[in-house]
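Undergrad: Given next are the chains, with one letter for each unit.
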Amino acid sequence: MHGGAGRTGDCRSGERAMRVKEKRLIVTFRTTTDAMAFEAAGREYGLGGRLIPVPRALTAGCGLAWSEPPERRRDMERLIGEEKLTYEQIAELVI
Amino acid sequence: MLNDRKKSAKPAKPVIYLDAAATSLLKPPCVAEAVTAAFCSFGNSQRGAHEASLAASRIIFQTRERICRMFGTGTPDRVAFTANATESLNIAIQGLVRPGGIAVTTVLDHNSVLRPLYLQEDRGAELHIAGCDAKGRVTPEAIEAEMRPGTSAVVCTHASNVTGNVLQIREIGALCRRRGALFIVDASQTAGLFPIHMQEDNIDVLCFSGHKGLMGPQGTGCICIREGLEIPPLLVGGTGVQSYSRTQPAEMPVSLEAGTLNGHGIAGLNSALGYISGYGIDRIRTEAQALMRQFVAGVRQVPQVIIYGDPDDSDRAPVVSLNISEQDAGEISDILAQEYGILTRPGAHCAPLMHKALGTEGQGAVRFSFSHLNTAEEVCTAVRAVREIAGQVSGQ
Chain F
1 MHGGAGRTGD CRSGERAMRV KEKRLIVTFR TTTDAMAFEA AGREYGLGGR
51 LIPVPRALTA GCGLAWSEPP ERRRDMERLI GEEKLTYEQI AELVI
Chain X
1001 MLNDRKKSAK PAKPVIYLDA AATSLLKPPC VAEAVTAAFC SFGNSQRGAH
1051 EASLAASRII FQTRERICRM FGTGTPDRVA FTANATESLN IAIQGLVRPG
1101 GIAVTTVLDH NSVLRPLYLQ EDRGAELHIA GCDAKGRVTP EAIEAEMRPG
1151 TSAVVCTHAS NVTGNVLQIR EIGALCRRRG ALFIVDASQT AGLFPIHMQE
1201 DNIDVLCFSG HKGLMGPQGT GCICIREGLE IPPLLVGGTG VQSYSRTQPA
1251 EMPVSLEAGT LNGHGIAGLN SALGYISGYG IDRIRTEAQA LMRQFVAGVR
1301 QVPQVIIYGD PDDSDRAPVV SLNISEQDAG EISDILAQEY GILTRPGAHC
1351 APLMHKALGT EGQGAVRFSF SHLNTAEEVC TAVRAVREIA GQVSGQ
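As you go down the protein sequences, you meet chains F and X in turn. Counting in our numbering, the first sequence runs from 1 upward without gaps. Counting in our numbering, the second sequence runs from 1001 upward without gaps.
Be a bit skeptical, because a hint or two may be false.
[What the hints assert, rightly or not] Partial pick of chain F residues on the chain X-facing surface, computed with a CB cut under 8 angstroms: (1) T32; (2) T33; (3) P70; (4) R73.
Please keep in mind that the hints were generated in silico from the structure rather than gathered at the bench. For each residue, glycine too, the CB sits at the ideal point set by N, CA and C.
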């Protein structure tokens, strides 16, 4: 889709640095619908996170999780309560 | 081409589409635009966190929200997508009418209701069928008369796809609540045309297709289930969540959505729902009914025409079935298509008990069904065509 090494057949690594791991607040869900509802409410509320593939440390398998800066925990929990959002678990992880 | 009628010049081949009860050929242009946009941008919904997958998941979630609001479902997670109303009804009937259970339906119902019920009857359920009067009407009292102690479910259409007669679902819902029976409604002919509110109408399960009154693409259907009622799945398989579980997830809606959803179609349905909300269900129904009444007023002046059902009812689905004397309905429909470019549906309309009750089992009937996107001019042409064909018939 994008040009560069792939288009010319050169598959050697580029110069992109590995992503730095950091502590995040992770919310997991039983269904994608719950994840979508969470994202819609979170965006409206102004949460700064995003949906990511669920980290294997929490759930083996596929699915979505919400990743949020840990300092927003109180805001996030308030949102969950006010909007009656359904989730599976909340955990702090370094990812 | 037909869908561009309000934007562009005349279509190359003039066609008058009067088969809205079969599917909505006439759609607002936004539906095809949404499908095309989805086709070019959607990944597989509920299958990952990249933007293409999320784009599909977000639109599908928005569609659940819109359906939830339109039909008073409670919460969006009680809305599951299917391929069509038939799949929805099979989930509901096979899941809830169990061997030993007692179910009631009506002669107005479509094979999408009847055949799953017959299947359950063969598996040991008991089935009772409420009849209609001479005009094809079924009252709540007729349904109650078929209920037995322990009746577990009433399954019925909201409107006949043959006559357009509407059932009083609020009264039937109240009856079911009083008698402790589940109320399963087939809204294929009314979703997008009539107000339906699951909670206020006491509906436990609402099934409909997305491509008729809702004007979405074919291959879209829906089952809405009230909170607290769970139905086992007909299909199990990939869901994008809980992948190491041996069994299908128990939570709605994923419990009923094994396999890839029709994301492109649902995107079109989403756009159609937005159009309907903006235009207004009442306005859509009123405009379509006005065209239907114009048609009835015209064809009932033709002596050879026999109209079925209750065309004088003030609130009916925009569907008119008729015959011209004893003529084969298929032949009349073919003449309409070939000589006049008027597209109708002849035959039995997958509603065998309705035709038996109307006495049209052998002849069938020609069904004209109207969209608010039809025009008064088209209706005039259709009336003229019926009159001319009737004149030819009597001259034979």
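Undergrad: Decide, hint by hint, whether the structure agrees.
TA: Against the structure, the hints come out as follows:
The restraint placing T32 (chain F) at the interface with chain X holds, with a minimum CB-CB distance near 4 angstroms, inside the 8 angstroms limit. Against a cut-off of 8 angstroms between C-beta atoms, the interface hint on T33 (chain F) holds, since the closest Cβ of chain X lies about 5 angstroms away. With a least beta-carbon distance of about 20 angstroms to chain X, the hint placing P70 (chain F) at the interface is violated under the 8 angstroms criterion. Taking 8 angstroms as the C-beta cut-off, the interface hint given for R73 (chain F) is violated, the closest approach to chain X being about 21 angstroms.
Hint compliance for this structure: hints 3, 4 are broken, all remaining hints hold.
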